[in-house]
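J.: Okay, here's what each chain looks like letter by letter:
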Amino acid sequence: MSALGVGPDSLWYGLLDGRSGIKPLSRFDCEGYLSSIAACIPGISAPHGSSLHDPLLEQLAEQIGDVPRHARLLVASTKGEVDCLENACRSGAPLPKAVLFDAFLEKVSRRFALSDCGTNINAACASSTIALARGAAMIAAGEAESVLVYAADIVSEFVFSGFSALQALSAEPCRPFDQERIGLNLGEAGVALLLSNEEYAIRQQQPPLAMIAGWGAANDAHHVTAPARDGSGLIRACLSAFKCAGINSGQVAAINAHGTGTTFNDAMELTAFNELFADGLPPLHGIKGSLGHCLGAAGGIEAVVAAYALLAQKIPGTLGCVQPEEAARGRVSAIPQDIRGEYILSTSSGFGGINGALLLRGVQR
Amino acid sequence: MKAWVNGVGWVTPAGYGQGRQCPGQPLQSGTLQIPTRKNVFARIDRRFGRLDDFSRVGLAALTFCLRDGNAEDWQEKRPLGIVASSRYGCLRTDLAYLETMLPLQGKLASPNLFAYTLPNCFLGEAALRFGLTGNSMIINRHEPGRLEALRMGLAELAWSDQSGVLAGIADLTPPPELAAEDDLPGSLFLLLEKEQRPDVFSYGKIRLREGRLAFNGEAVDTLLELVAACLTRQNA
Numbered sequence: 001m002s003a004l005g006v007g008p009d010s011l012w013y014g015l016l017d018g019r020s021g022i023k024p025l026s027r028f029d030c031e032g033y034l035s036s037i038a039a040c041i042p043g044i045s046a047p048h049g050s051s052l053h054d055p056l057l058e059q060l061a062e063q064i065g066d067v068p069r070h071a072r073l074l075v076a077s078t079k080g081e082v083d084c085l086e087n088a089c090r091s092g093a094p095l096p097k098a099v100l101f102d103a104f105l106e107k108v109s110r111r112f113a114l115s116d117c118g119t120n121i122n123a124a125c126a127s128s129t130i131a132l133a134r135g136a137a138m139i140a141a142g143e144a145e146s147v148l149v150y151a152a153d154i155v156s157e158f159v160f161s162g163f164s165a166l167q168a169l170s171a172e173p174c175r176p177f178d179q180e181r182i183g184l185n186l187g188e189a190g191v192a193l194l195l196s197n198e199e200y201a202i203r204q205q206q207p208p209l210a211m212i213a214g215w216g217a218a219n220d221a222h223h224v225t226a227p228a229r230d231g232s233g234l235i236r237a238c239l240s241a242f243k244c245a246g247i248n249s250g251q252v253a254a255i256n257a258h259g260t261g262t263t264f265n266d267a268m269e270l271t272a273f274n275e276l277f278a279d280g281l282p283p284l285h286g287i288k289g290s291l292g293h294c295l296g297a298a299g300g301i302e303a304v305v306a307a308y309a310l311l312a313q314k315i316p317g318t319l320g321c322v323q324p325e326e327a328a329r330g331r332v333s334a335i336p337q338d339i340r341g342e343y344i345l346s347t348s349s350g351f352g353g354i355n356g357a358l359l360l361r362g363v364q365r
Numbered sequence: 001m002k003a004w005v006n007g008v009g010w011v012t013p014a015g016y017g018q019g020r021q022c023p024g025q026p027l028q029s030g031t032l033q034i035p036t037r038k039n040v041f042a043r044i045d046r047r048f049g050r051l052d053d054f055s056r057v058g059l060a061a062l063t064f065c066l067r068d069g070n071a072e073d074w075q076e077k078r079p080l081g082i083v084a085s086s087r088y089g090c091l092r093t094d095l096a097y098l099e100t101m102l103p104l105q106g107k108l109a110s111p112n113l114f115a116y117t118l119p120n121c122f123l124g125e126a127a128l129r130f131g132l133t134g135n136s137m138i139i140n141r142h143e144p145g146r147l148e149a150l151r152m153g154l155a156e157l158a159w160s161d162q163s164g165v166l167a168g169i170a171d172l173t174p175p176p177e178l179a180a181e182d183d184l185p186g187s188l189f190l191l192l193e194k195e196q197r198p199d200v201f202s203y204g205k206i207r208l209r210e211g212r213l214a215f216n217g218e219a220v221d222t223l224l225e226l227v228a229a230c231l232t233r234q235n236a
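Those protein sequences? They're chains B and E, same order as listed. Numbered according to this note's numbering, the first sequence spans residues 1 to 365. Numbered according to this note's numbering, the second sequence spans residues 1 to 236.
Be aware that a few hints might be false.
[Stated by the list, open to error] DSSO-like cross-link-like pairs, simulated, lysine-lysine; straight-line CA separation at most 27 Å:
(1) K194/E x K2/E
(2) K107/B x K97/B
(3) K107/B x K205/E
(4) K314/B x K243/B
(5) K107/E x K23/B
(6) K205/E x K38/E
(7) K107/E x K243/B
I should point out that these hints are in silico values taken from the structure, not numbers from a laboratory. Owing to the predicted nature of the structure, the values given are computational and were not obtained by experimental measurement.
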């Protein structure tokens with residue numbers, strides 16, 4: 001679920017059509033903030049006193065259907081039910097248990113009827129990329145047959161005001177990799193991905209969307225809120241993913257970049273990718289011009305898009321990128337691009353200097 | 001999955017310290033004192049003063065752990081990761097941030113506090129101070145033994161090129177309405193490394209097999225047991 005609607009098809013075709021979910025924000029008063037737009041899930045609401053995560057969870061559970069009871073649960077959320085925290089503080093009520101991740105994990109585990117109580121992974125905006133990496137590693141090591149990765153973050157005034165205070169929000173729809181980019185828009189999303197080993201997939205007679213062939217994570221060791229300008233952490237994360245998958249950069253058909261639309265993030269990514277792909281940058285795109293920055297859920301949504309892109313051999317356009325940065329010229333486009341190959345690299349970077357990389361491989365269906 | 005335990009450091013209600021200078025079990029309940037810069041670093045350190053309490057406690061424990069493992073000083077960045085388990089995360093910082101945000105409709109929202117409303121930010125502080133380029137994350141999981149970060153740290157070592165992982169716990173004292181009986185405020189980390197080093201005498205070997213941890217061949221079910229076993233060996 002994202003600002004482009006319910007389900008992966010509406011996401012995929014919305015992106016291909018160049019639709020934007022970034023709209024005027026009515027959830028709270030934006031008068032004091034740098035921006036008044038965000039990419040919220042249309043029509044989502046929660047009764048007073050409950051969290052927007054409740055309808056999100058309900059709809060995701062309905063969409064994904066049966067999940068094996070023994071599946072391990074990895075949740076990726078930066079702030080969980082932060083709306084409950086905000087509401088309690090506004091009203092002066094005692095803090096509810098919902099402000100703790102223990103309660104959120106229990107809710108997700110119960111809704112999917114899992115035996116595992118779950119683990120939340122918090123690696124800022126790389127949370128779901130790292131959760132997917134961890135899930136894939138658990139399966140590769142034989143620790144689990146299947147892993148449910150549940151990633152969700154919502155647009156809250158808490159987070160919106162913070163990014164505004166950090167001067168990171170753009171008042172206009174963001175422009176990833178554009179020369180005139182000035183900041184990000186916040187978005188919200190929820191995504192549930194069921195990972196499994198090959199035997200399980202065969203038994204279920206469910207053709208997989210894609211295979212997670214490689215993964216990596218690394219810290220910049222540079223700054224808490226700013227990326228390393230030389231892209232060294234992202235480079236290390238990608239090199240780990242290449243090594244894990246046993247491929248070289250020449251085999252990557254396309255890159256699904258983090259592309260927040262902030263000056264420094266996008267410049268850092270282009271520096272890293274141009275070093276990693278010294279023989280020629282493959283087609284590259286980012287989806288935050290359509291969906292905003294969905295924080296902990298961003299990498300999960302982007303993995304779904306990457307899987308669809310491998311199937312279609314096409315990447316969506318980068319909405320908002322009118323005049324690409326010189327380092328991306330000819331590789332980033334506002335319209336969809338055809339690709340050829342088996343692998344897509346999907347990356348995320350976040351506060352705390354963390355970077356995550358996934359290599360998705362297409363599968364015959 | 002196995003590793004050498006080469007360092008232990010903490011900030012808890014028992015005080016602050018490191019394994020090789022310790023008289024007894026540091027994991028205990030009680031009142032947590034937030035460390036000052038002077039408790040942790042000998043030299044002036046302006047960044048430390050700007051950190052929120054959660055980050056100060058976590059960063060201090062990581063520092064003592066690296067110091068204990070003779071791994072505080074560095075010349076080149078190194079592939080060490082951090083996995084910290086937390087029940088309450090940066091909730092106290094969230095509440096402090098909300099106090100700046102709620103009045104005047106966000107006009108006075110503190111960017112400095114907001115930067116620390118992601119609990120993994122202190123891992124970034126540690127990474128940049130000590131040149132740690134491995135994976136770093138906060139995990140939340142209800143697990144009475146508090147060994148989940150150790151399990152994940154060992155898995156990280158097995159699946160990656162990281163040479164070591166700092167694995168442990170970090171929490172502040174929670175607001176009273178959320179407190180649980182088994183709360184352990186404070187932070188404690190163990191330095192797990194793939195290899196023994198000639199410049200440090202290892203506490204011993206930790207191994208994960210089928211979800212169970214063993215230290216020097218003896219099963220351990222809780223972080224308290226593991227720390228006690230490390231310190232007993234040190235003092236033997």
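J.: Next step is simple, just say for each hint if it's right about the structure.
T.: Structure-based check of each hint:
Between the alpha carbons of K194/E and K2/E the distance comes to roughly 7 Å, so the proposed pair stays at or under 27 Å and holds. For a cut-off of 27 Å, the pair hint linking K107/B to K97/B stands: about 11 Å separates their Cα positions. Pair hint K107/B plus K205/E does not hold up; C-alpha atoms about 37 Å apart against a cutoff of 27 Å. About 25 Å separates the Cα atoms of K314/B and K243/B, which keeps this hinted pair within 27 Å; it holds.
With a CA separation close to 22 Å, the supplied pair K107/E and K23/B stays within the 27 Å bound. In summary, the hint linking K205/E to K38/E is not supported, as the alpha carbons are separated by about 33 Å, beyond the 27 Å threshold. Annotation: proposed proximity of K107/E to K243/B is violated, straight-line Cα distance about 47 Å (limit 27 Å).
Hint check: violations occur at hints 3, 6, 7; the rest are consistent with the structure.
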